[in-house]
Amino acid sequence: MAGHEDSGASKKKTADSSNDLPTFNAENLQNNMKIIYYSRTFLSIIGGVIAGILGYTGLTGFVFYFLIMAITSLGLAAKAKFSIHSYFDCWNRLLLDGFLGGLLSYVLFWTFAYDIVHIF
Amino acid sequence: MSFGFMIGVFGVLILAHAAYSTIQYRSLLKILEEEFSGLPMNVVGELLLGLVFCMWAALTVPGKFLSILPYSEENRIVSLPDNLDFMVFNHRGKVFPSKMDLKLKR
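If you read the protein sequences in the order shown, they are chains F and L. If you're matching positions, the first sequence starts at 1 in my numbering and goes up one per residue. If you're matching positions, the second sequence starts at 121 in my numbering and goes up one per residue.
If we strip away everything but chain F, and leave its shape as in the complex, we get:
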C-alpha cells in the first residue's frame, strides 16, 4: 500500500513533493461511499429475507450476516478492480462502512421473514 502511494507521489511535480499530505477528489469519494451504502443496505435486506426463509435462529443468523457481508466486500473489491487506493482512501471504507446500519436492517427483515414463513 505504501509503495502505491510513493509511485503516485513520484508522478507529481517536484514542487508538490515537498508536502506529503495526500489530496483526494472529495466529491468522487462521496459518490463511491454512496454506492457502498446502497449495495450493503440492499444486500442486508436480501440476506435477512434468506436467513428468515432458511429458518436460522440465534447465533447462526449472525454468522450468516458476517458471511453475506464478507461476500459483499469481496464483490465491491472486485468492482473496484482490486485497486482500492484509486477509489478509496483506506481499506476500512470498503470493509466496514455501513456494517452496523446494515445489521439493523438485517435483523428487521430476518425476524419479518421468519415470522411470515415459519410461525404464521
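Source of the hints: derived by calculation from the structure; they are not laboratory data. The beta-carbon is built from N, C-alpha and C at its ideal position, and this holds for glycine as well. Take the hints with a grain of salt, since some may be wrong.
[As the list claims (entries may be wrong)] What the simulated footprint calls covered on chain L by chain F, stretch by stretch (three residues with Cβ under 8 Å from a Cβ of chain F suffice, anywhere in the stretch; the number is not a length):
hint : stretch
1    : 130-139
2    : 169-183
3    : 189-197
Assemble the complex: chain F is given as a structure, and chain L must be docked to it using the hints.
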C-alpha cells in the same frame, strides 16, 4: 430500467416464490405430523439463485466508482478561459511559432 435492475426484480421474485414454497412445505409437514428438520433441496437452490441475482443487481445498479486521485485521466478537466470573445488570433504574431498550451488542470 436497466438490465441490472431487471435482474434484481427477478431475484426478489425468486425469493418470494421460495418463501411461498416453504410455507406450503410447512403446512404439508403439519398434515403429515412430522417435525421440521430442514428445507427441501430445490428451495435451497432457489434461495441461492435469488441471492446470486440480487448480489449481481446490488453490485451493478448503484453506478460506477469514480477515481479519487487528482491526477488520474478521468478527473482531468480541460477548460477554456472566460474571455474568448476578446481573443484575436488573426494578428501579426501568428507568423511566430508559439508554445501556448491550453491544457489547463484544476
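Structure-based check of all given hints:
1. Note: the stretch 130-139 of chain L has 5 residues with beta-carbon separation from chain F under 8 Å; the three-residue rule is met and the coverage holds.
2. Counting residues of the stretch 169-183 of chain L whose beta carbon lies closer than 8 Å to any beta carbon of chain F gives 10, which reaches the threshold of three, so the coverage claim holds.
3. Using a Cβ-Cβ cut-off of 8 Å, 5 residues of the stretch 189-197 of chain L lie near chain F, which meets the minimum of three, so the contact claim holds.
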